[in-house]
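If you read the protein sequences in the order shown, they are chains A and B.
Take the first sequence: its letter number 165 is residue 374 in my numbering, and every next letter is one higher.
Take the second sequence: its letter number 146 is residue 355 in my numbering, and every next letter is one higher.
One or more of the hints may lead you astray.
A pair holds if it fits inside one copy or across any two, identical chains being indistinguishable in the list.
In silico BS3-like cross-links for lysine-lysine, where the CA-CA straight-line distance does not exceed 25 Å [as the list claims (entries may be wrong)]:
1. Lys414 with Lys453
2. Lys267 with Lys255
3. Lys254 with Lys267
4. Lys260 with Lys211
No lab work stands behind these hints: they were computed from the structure.
Single-letter residue listing:
There are 2 protein chains.
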Amino acid sequence: MKAEIITIGDELLIGQVVDTNAAWIANKLNLLGIDIHKIVSISDKKESIFKALEQVDKSTNLVILTGGLGPTNDDITKIALAEYFHVKLVMNNKVLEKIKTFVIKRNADLNERNKQQALVPENCTVIQNSIGTAPGMWFEDNRRIIISLPGVPFEMKEMMNNHILEELKKRHKNFYISHKNILIQGLAESKLAEILEEWEKNFPKDLSVAYLPSPGVIKLRITGKGKNRKYIEEQIENKVNALKNIIPDYICGFDEDKLEELLGKLLKEKKATVSVAESCTGGNIGRLITSVPGCSDYFKGGIIAYSNEIKENILNVNKRNIEIYGAVSKQVVEEMAKGILELFTTDFSIATSGIAGPTGGSKEKPVGTTWIAVAGKDKVITQKFVFGDQRDRNIQRASLTAINMLQKLILS
Amino acid sequence: MKAEIITIGDELLIGQVVDTNAAWIANKLNLLGIDIHKIVSISDKKESIFKALEQVDKSTNLVILTGGLGPTNDDITKIALAEYFHVKLVMNNKVLEKIKTFVIKRNADLNERNKQQALVPENCTVIQNSIGTAPGMWFEDNRRIIISLPGVPFEMKEMMNNHILEELKKRHKNFYISHKNILIQGLAESKLAEILEEWEKNFPKDLSVAYLPSPGVIKLRITGKGKNRKYIEEQIENKVNALKNIIPDYICGFDEDKLEELLGKLLKEKKATVSVAESCTGGNIGRLITSVPGCSDYFKGGIIAYSNEIKENILNVNKRNIEIYGAVSKQVVEEMAKGILELFTTDFSIATSGIAGPTGGSKEKPVGTTWIAVAGKDKVITQKFVFGDQRDRNIQRASLTAINMLQKLILS
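With these hints in hand, go ahead and build the complete structure from the sequences.
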């Protein structure tokens, strides 16, 4: 099956909204072995929608559109699709009932705009929206399937997960595609490529590899495509095993693993608790840890010790050490890690102190200089890093590096 | 000028990376009045690049490509462009020198892959990369400009900001486009649309409006296009002023304002300090506040009080209140706000306690129930919200709502 994704909305073309829907849909289709050959973003004008539909490749047999189904006047997709198929819009009573229930549950009144959302082109099969008001629409003729979904990400996802993917799976059985992601921490991309030069040579012809760098982690993706599932899986496994021998110390996870989830799993296994003392990361490590549902089993909390005053008064960092070595130093970050461990009576702790930038650097401590400490009851590991010039990247790199350091300490 | 953006990379088509580059470039071009009519994402195969270039609209006179210029074997753009233009790749010594300097600064050795990055198609003008190794390339004939940039976001941005935008501005002077964003907090999208029905009618013909909802804030965007700058600006101003009269209490900012930046500005003006006591938001409010450079002027830090034990022992929340009312209650969140204000000796504070989900709800307190308190020296405002079912959205909505509540308290 060959697919194309069309995302609709002026907000995408003027760059006010990042198109996360396309990536999410692409990922889900890909897991079914459906080949996405193009993603197109267009304006929410009728003419743009017509043109995009006309320009769909002849051999494409699945088109998914998102956006333009809301209750406001700039939402035009439904009208455009009715015109495209030369059909009328008709009131769908089941949708209307759903909308009524939805609105009443939220203690609001049903208004005219809500009602209009129950109008759909008469040739479509309606996909019910259980968490919002705009219905999805499934069109199908002998050429292809066209599916129109809301642009609101969680409504679109709900429809994909509970209706569409299952239906598409039934229609697409002959082709196998598999990905394996290897997460790598602590190596620059070009250094990694150099180390892996031999490994990359003689790649089996059904397999390919890609480097996907992001702040703090490089994802190495191996993709295999073909009809023989077993053969593909074996080839991928061989390459992964070879990789484990080449860079054992830098592999920090696989596939959709997130460092914060891996740490959480490990802490649960050990029935251990953790706390954080964050200076330069400002709460971001806490945010990452608490992004994992169920984290209250192991996360007690932490101190965001942004000012030196808080480091001294709450975390019991020695004032003299701050004066002599500065707040961004081995001595201070170690005391922060020990301080929070004691104060919050946890088994493990993480502490950060750095110069996130864009200003505040010096010759000895340039912007990006970051000290990280991780502590258990009888050991502390402290390490210095010099990240880059960008505040947001530095914060994220420091956070993920710290989480990975604690994981290593627990496993050591 | 009519533009198209082509982003290259299998990672986009299989949904492993969200295309933030396209949005960023679109935004920048749009501010110059350049009309982006399509964004296309394609695979990093030579054939896909050829096809995409062939399918560019005849009337398009600017194409910006990103991606596929890295040091690894899956990076093919440069080779594809040389073939497309029927020219050779030649070594650019200036680029090679830059790469050498760059690599030496990082205490690494210059390897063969780094050197190959200095090869460019002989018909291009090189755009130097001051923060990375891959050069950008500017191609131009009598039909159009084609620009190829690295996919690494901060390298691409640096080249756009320091070279390309200035050059494009010189070539595009006759058309005016203007956007005004109004940020709205505390109203659902359909409710807002209902209130604004009259305001939306009789919109001047050169103006349009769009609703851009995100967790915690709805952005209302007014766009004006035309040749008469003064006229467009006046029309937009009239509509904004009308809006200020209709929903004065819900407007929380304009244009690229971020709530955390507005709060920071206000605190700086008042020479006041703030601290946070976060339960359900788990550090996210701290992260937002510290995402603003210079926040150390007003942010002392906070406590992530995820467990009740920490609420009691560190924040001095009355144990009896947690037993009687539960951790997610008016009483507890108020004590948290007061507790952190005192402990951190700040002028203002924010506290949150809620059920972020996906589990942990009850009939009385369903998932999404969140108490927020903001405090100054002599006043506390506490409010209950029932957000939705989604953990990440609940956390973000609670965080932005809390920041806005504090801003209102300070201004009241």
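Hint by hint, here is what the structure shows:
1. Lys414 with Lys453: within (21 Å within a copy, 63 Å between copies)
2. Lys267 with Lys255: Both. Shortest intra-copy (21 Å) and inter-copy (21 Å) distances satisfy the 25 Å Cα cut-off.
3. Lys254 with Lys267: both (23 Å within a copy, 20 Å between copies)
4. Lys260 with Lys211: Both: 19 Å inside a copy, 16 Å across copies.
Violated hints are absent here; each numbered hint is respected by the structure.
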